[in-house]
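**Q** As a plain string of letters, each chain reads:
2 protein chains.
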Amino acid sequence: MKQIPFYSTRIEGGFWGNKQKTSRDVTVDAVYDRFEETKRFEAMKCDREQHEREGWKPHIFWDSDAAKWIEGAAYTLEYEKNERFENKIDRLVDMMCNSQREDGYYNAYYNVYDTDKRFTVRDHHELYCLGHLIEAAIAYSHATKKDKLLGMVERYVDFVIKTFVEEKSAKFVTPGHEEIELALVKLYKFTGKEKYLELSKFFVNSRGNNELDKSALQDWMTSRYPQDHLPVREQTTAEGHSVRAMYLYMAMADLALECEDDALFKACDTILHNVAEKRMYITGGIGSSHIGEAFTVDYDLKNEHAYTETCATLALSLFCQRMSKLKPLGLYGDIAELAMYNGSISGVSIKGDEFFYENPLTIDLADHNKNHATQEKERYPITQRVKVFGCSCCPPNILRYINSIGDFLYTEDDNTLYVHHYMNSSTEFEDKKICQKTLYPSCGKVKLTVKGDYKKIAVRVPSWCKKFEASAPHTIKDGYAYFDAEEVIDFNFNISPGFVVSAPGVHENAGKTALMLGPVAYCIEGVDNEGDIFALSVSTDTVFDVKPDPYFGLPVITVDGHAMVDNGKLYSDLNSVKYEPRKIKFIPYYGMENRGETDMLVWIPVKM
Amino acid sequence: MKQIPFYSTRIEGGFWGNKQKTSRDVTVDAVYDRFEETKRFEAMKCDREQHEREGWKPHIFWDSDAAKWIEGAAYTLEYEKNERFENKIDRLVDMMCNSQREDGYYNAYYNVYDTDKRFTVRDHHELYCLGHLIEAAIAYSHATKKDKLLGMVERYVDFVIKTFVEEKSAKFVTPGHEEIELALVKLYKFTGKEKYLELSKFFVNSRGNNELDKSALQDWMTSRYPQDHLPVREQTTAEGHSVRAMYLYMAMADLALECEDDALFKACDTILHNVAEKRMYITGGIGSSHIGEAFTVDYDLKNEHAYTETCATLALSLFCQRMSKLKPLGLYGDIAELAMYNGSISGVSIKGDEFFYENPLTIDLADHNKNHATQEKERYPITQRVKVFGCSCCPPNILRYINSIGDFLYTEDDNTLYVHHYMNSSTEFEDKKICQKTLYPSCGKVKLTVKGDYKKIAVRVPSWCKKFEASAPHTIKDGYAYFDAEEVIDFNFNISPGFVVSAPGVHENAGKTALMLGPVAYCIEGVDNEGDIFALSVSTDTVFDVKPDPYFGLPVITVDGHAMVDNGKLYSDLNSVKYEPRKIKFIPYYGMENRGETDMLVWIPVKM
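Protein chains in written order, with the numbering used here: chain A, 1 to 608; chain B, 1 to 608.
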């Protein structure tokens, strides 16, 4: 199957159109300005004298921050020429290219410091940075035809081939943080040069498959942390650092497609099922523990200490997007959608200029200052978005993600157009025209217009959809409704609010429920609900009062519930407990913590 | 009011009689042997050459371990002569007395190391150790009339008076870990020497009331950790290290009684209400966080990470016992009883030779090995009792506690006998004879026989008692039933199982219930209940099937409940969830983790 790339599509208003507008109008500059202030961009000059004069030092992964910003900004240029953005990108590209070493190497840290230690520390992100530079170069080249950065990264990749494949002179075989692997497949597809595909295969196939890498693990890691515990085709569970894991799985899926490698596909499918069935929050968030920013064990989905990094969640959806190219299986789109509408975009504020790294599912402010007997405090995720992080991977990641969201919409093969997601949009691809008119996910109705010589049109019917209606006959298979091609098909997923529960294995959520509107998870906040939100419980026989909300972009929902009455006693007879009826207001989870620091809760008790 | 001391009472079988038998027959030797193996006793010799030869070094608080063992063993001698125990105690006493310094000082560490640093580090437990030596000396002197240790500690106390009060040459005013204060009141009462009472008052009144102590805090503490944040009479909440806090409050209550100090009594009462209404687990456990082993904030009662040290819980009951001497308020006895029957004795195994330091309310074994991506692991309480700890304060503490449990039973004033607790027992005190015939708390019936010239008999009616019946007329006031004195009174608390809930402020327990049988909290364990115990929920309209159980000493209870059926999906519609009916077996909480490592749960969801 072939993807219809995002730049063939214009998202026109609606949920994602608004997100893209905010991203273009606010986030591009917001991230740029913070990175400029924090010297991340100046660092690309590799000027040691400047560092010393100004009293700062580049970090080993600052290149990736710059690259992801370039990539995100470049994506906006596909839709709207912007000289200011281009000038900024050109300046960065010049700084990088001017500092590229004779042999092709480039890294803003190692070009200046420890110059004899290049490729000696496996966990030092050099190839991760190169991967992001490749993605940036491709994005900018495609948007503007400017190839300077592309040339630079191709020279660097040649040096990597020499170092890692030909001379084997690096102190490790595969990098500690994946990313280069998927970027090389992109570069292969963009340039047509097989050597890049070969290098990607080399890295993917070598992982978990050689002794040198195991000896290059840091002391505090186990081999699972960088997905080294088994050769990739033998891996069955999502393990280790969750962002790294997803970047690996993306590359595995890419290679499965390019190389028709069924063993790789099967490993990806098995791992993705493990995530979807046992290791993923209702928000699409992944990575349960801040210790190692990592996957832990099946069903370990603690809410208040959820790590669920923005980067990991959006990468999960990108992994699913790749899987949808391999096989039209509804699950892939369902999981992608959960991550898209929840734990990814919760990482950026509604205004577009502040960010979360961790996205917890409970914020109980009282807990955050509970250790007042000692200077040591229990660790909690931050409760208010910030403008930049020390490790600021998430802000430019969500930037590039939102501005290429159209990538999720369509794939095609010789016969069939696959419609994976729903956004009000129009697409022109080769000689075809595809148009969606929809308010999804506020409303489940979609009018799909397709002009093209497809024999079939397959439309993903999300697993949460209880009643699918369409204007034309269809058959359902593996989560897709298959239609004979017609120019216009109307269909309706009949989105309505509903409560869900977790599997019994998720001990944390026993007796609790979460409110969903289609793919959108909801939460309650202190700012909307009087008193202690943790004393609230919902009635399962509630009427759902759904109201459009321009601030959040999707409706807010009010349900019937109860507040437990405090009788002043710490422990009381169950039979003596009294409840007051209470309307409980839910907002979309991604909108949490936008209106001041406040208690927040996704999983709410069902009234006893 | 005056307490009728434990040695006037023989507990005859029943719950506490059996605990005392196990303690005498097993725990005395078990603790002794482990302390002998770990050189805690040899350390009392203060022989540096021996340390070097054998390759060990005493800890600054090993004296207190030895002292508490002496105290606990001495208590058993009140009932049953035991030459073996006496010989062991005599040997320890000799070692200590032989090593006492000329000036009266004694500490098994500082006698040998850092000899110029005595009383320089506030947190180094020297006076805490002395406090325990005093309690041991009194216990042994009372039981055997052997006064050697008593003489030794009196000489040491004189040196403390000189150092702290007269010369003020120590680097702190009050000790980092309280204990000396309450011990000095005991010593005053035992010897009649006012100077000990004065010294206790000096320490208690100086706390939170001087600059030297604040400057002597360790870097990692706040002033709350050692209850320094305010002068003691101004303290209103239970703060800091929970054992230290309780030992301070005990001394405050002692002084309130001895000195008729109403301000001290009011502070104690206010703090105890804070504990009882906001900071205490249903097990009587206190100290919510392992960070500082400390109280945190109101309603912070996390179950899996509950710290609730055995020593703290038993000390809470001892604090309450002292409060009952000041005022006959049912609450004091209720809280004492909760701590006695649950979080105190959960600290020792049913067999009597293994111990818990922390007493969590949830053990979810899957969580304990969840961080497999890194070498760093999240911290959890241990899940199986051990024979000795590095810091082994709890084992000898529970030893002395159980063997003096009779202290809880009675107080008297000129007119009235107060019956605070119920144990099958006979008491001879001065010219009075008191007898209880009861199976409490298996059954709520008590036959009380009193021969003595009391005008009134006051019987505590626990707050959990829904139906109090008695053979004689009575009036109820502040949780006590007041009878005109009669030789025999039959009464019945009609103990039956029931579910309780937490206040809404306890966020952790929303939607959950705990099973109680009178004062006894129950739990469920994996070993008794098939499948995943965290998938179980109880029906509130259950029939309780109560069965005697000789192993635990109190009944096990089976209730009707449900197991959520795993449909293989991580998230499902609330309406689609299926439950299987399931009998759920509960055991007394104190009996947890006695039959191999197993999941354990106190707060259980009520079926949705």
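A portion of the hints provided could be inaccurate.
[Unchecked claim] Computed cross-link-like contacts, DSSO-like style, restricted to lysine-lysine with a CA-CA straight-line distance of at most 30 Å:
#1 B:K583 to A:K578
#2 B:K583 to A:K607
#3 A:K377 to B:K585
For the record, the hints were derived by calculation from the structure and aren't laboratory data.
**Q** Broken hints, numbered, in rising order?
**A** 3
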